[in-house]
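The chain contents come next:
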Amino acid sequence: MKKIQLSLNQKLALILGILGFLAAFAGSPYTGNTATMNVKELALLVEKQTDHVSVEELADWIIKGRADHRLIDVRSVKEYEEYYIPTAENIPVASLFDAGLQRNEKLILYSEGGIHAAQAWFLLKAQRYNNSYILKDGLAEWKDRILFPSPAENASPEERSAFEKRKTVSAFFGGTPQTGTADTKTTAQIAMPKLDMPSASAASGSAPKKKKKEGC
Amino acid sequence: MNAPFFKFGYFGEETSLIVAFIIGIGFGFFLERAGFGSGRKLAAQFYLTDLTVFKVMFTAIVTAMVGLFWLSVFGIVDLSLVYVSQTYLVPQIVGGLILGVGFVVGGYCPGTSCVAASTGKYDGMMYLVGIITGIVVFGEAFPLLKDFYSATPMGKITIPELVGVSYGLVVFLAILMALGGFVGAEWVEKKFATKVKGVGQ
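Sequences listed follow chains W and E, in order.
For the first sequence, position 9 matches number 9 in our numbering, and the numbering has no gaps at all.
For the second sequence, position 201 matches number 201 in our numbering, and the numbering has no gaps at all.
None of these hints come from the bench; they were simulated from the model.
Hints may contain errors.
[Said to hold, decoys possible] Straight-line Cα separation of at most 30 Å, DSBU-like style, residue types lysine-lysine; simulated pairs:
1. W:K125 <-> W:K143
2. E:K55 <-> W:K3
3. W:K106 <-> E:K7
4. W:K11 <-> E:K55
5. W:K40 <-> E:K7
6. W:K125 <-> E:K7
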């Protein structure tokens, strides 16, 4: 039998043809809803607590008007409508992957206490949204420390001046600092501030987000 | 590491410009090495005496396609993050025709004109002047063209979605088309090279 001599072009064409033929049976190239993750890496992240943002940090960013992150409220629509941290957008956990989140943006998640946010964080990490963070202790901490801060009993002068600072932060978000004595704390009617801060959805109309230019 | 690197945040916007610059230089280099810095070579395409442009471009398309397909099947590229530009059927057909006429008349397409200009060819430089003038005119006339520009929008569509067949089958058919095209191109070249003497090379 005569040996068939192939030129380089013919060899490449043959390889292409084989790869193409196999492709027809290789299934969908889209990965879909299943994920594999590096559990060790995630465990280290949890231990180092680098996945947290404190309420003070967040308050500071909002006051400064920083736009390098997206604040995401993973609670239900009803809870969101009652109160949300200014600039937050509402994406309940189940619709997390339909909301068009980008893997290269910084995502800060919060829920009432933090459990749902942590679970959402885990799901996002599994889908390689590497820039996701949890608001530490969630909305409860936000209320305690930002909206309705109360001074420590027998506070030192340093603590008092720090509390004065927190009062202004509280005022910015429409909160009411507590006077501190035990009875006022229990009797005072703690009313949530009215929502006159812009939400992400309300703000999007007036201040369009910078659109990334792509393609040729 | 997973691709696309930029979408996964492996580097920022500034670095992405440097990466784009390097890829652009690479693209220009290989266009030049394929002989596309010469208007004669490109024009020969339309006399059917030299179909190098067709062969190089189709090779690039199928190579990228096969690469993307297999890399994403193995989970190295996340295909859902690869940018797909939107389809506006009628304006894009008209735009394609304008580009085609410019290609035939001027002897270059936008990329190859940059290659020709950077290797010191005057026709390439003139072509670049034409491109920039065209961009300015288009920009200034955009309010008038706006409605047409966004006419017949079809969104982000791909052939597998549109026809409802599997992605891999489209890959296979495109490859068959390319291989058939290469064989056909060689045949056409031979046929016309003997007929038309003195045109082309």
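Hints, one by one, checked against the model:
no. : hint              : in the structure
1   : W:K125 <-> W:K143 : 27 Å, holds
2   : E:K55 <-> W:K3    : 28 Å, holds
3   : W:K106 <-> E:K7   : 12 Å, holds
4   : W:K11 <-> E:K55   : 16 Å, holds
5   : W:K40 <-> E:K7    : 24 Å, holds
6   : W:K125 <-> E:K7   : 14 Å, holds
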